[in-house]
Amino acid sequence: MSAAAPALEARLWSALSEIQDPELPVSLVDLGLIYGLTLERDRVRVRLSFTAMGCPATDLILNDVRERLLQEPGVAEVDLEVVWDPPWTSARLTPQGREELRGFGLSV
1 MSAAAPALEA
11 RLWSALSEIQ
21 DPELPVSLVD
31 LGLIYGLTLE
41 RDRVRVRLSF
51 TAMGCPATDL
61 ILNDVRERLL
71 QEPGVAEVDL
81 EVVWDPPWTS
91 ARLTPQGREE
101 LRGFGLSV
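Residue numbers for the sequence shown follow the working numbering, so the first one is 1 and each next one is one higher.
Source of the hints: derived by calculation from the structure; they are not laboratory data.
Ideal placement from N, C-alpha and C gives every residue a C-beta, glycine not left out.
A hint or two may mislead.
Stated by the list, open to error - Label-pair ranges, simulated between beta-carbon atoms: (1) Ser-90 with Asp-42: 27 to 37 Å; (2) Ala-10 with Glu-67: 13 to 23 Å; (3) Ser-107 with Arg-66: 31 to 41 Å; (4) Glu-81 with Ala-7: 16 to 26 Å; (5) Ala-5 with Met-53: 26 to 36 Å; (6) Gly-105 with Leu-37: 28 to 38 Å; (7) Gly-105 with Gln-71: 30 to 40 Å; (8) Asn-63 with Pro-87: 14 to 24 Å.
Taking the hints into account, I'd like the entire structure generated from these sequences.
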């Protein structure tokens, strides 16, 4: 890993936090949908999940993640891996995500 990798990784996490779920204006990061991010040279691999297997916004979210990360300098490829194990639960919400969902009247 190069010396620039930690700075790029921080930028990538910041970029991911800009992407909101299309059904709830809460970021994918705050929803706990991003399970991990790894870098190998100019390739980024993101492990992510969805709140339900039948999520109608799956393709939209995957496209949003790919397109946003490709905007970052130093990123030439984005590999996305959808994972279902462990399954997403509300325990994965960040404190910010919980606060935002409560603001919409959801009990979390």
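Verification of the hints:
no., hint, in the structure
1, Ser-90 with Asp-42: 27 to 37 Å, "35 Å, holds"
2, Ala-10 with Glu-67: 13 to 23 Å, "20 Å, holds"
3, Ser-107 with Arg-66: 31 to 41 Å, "33 Å, holds"
4, Glu-81 with Ala-7: 16 to 26 Å, "24 Å, holds"
5, Ala-5 with Met-53: 26 to 36 Å, "33 Å, holds"
6, Gly-105 with Leu-37: 28 to 38 Å, "31 Å, holds"
7, Gly-105 with Gln-71: 30 to 40 Å, "34 Å, holds"
8, Asn-63 with Pro-87: 14 to 24 Å, "23 Å, holds"
Violated hints for the displayed structure: none, as all numbered hints are satisfied.
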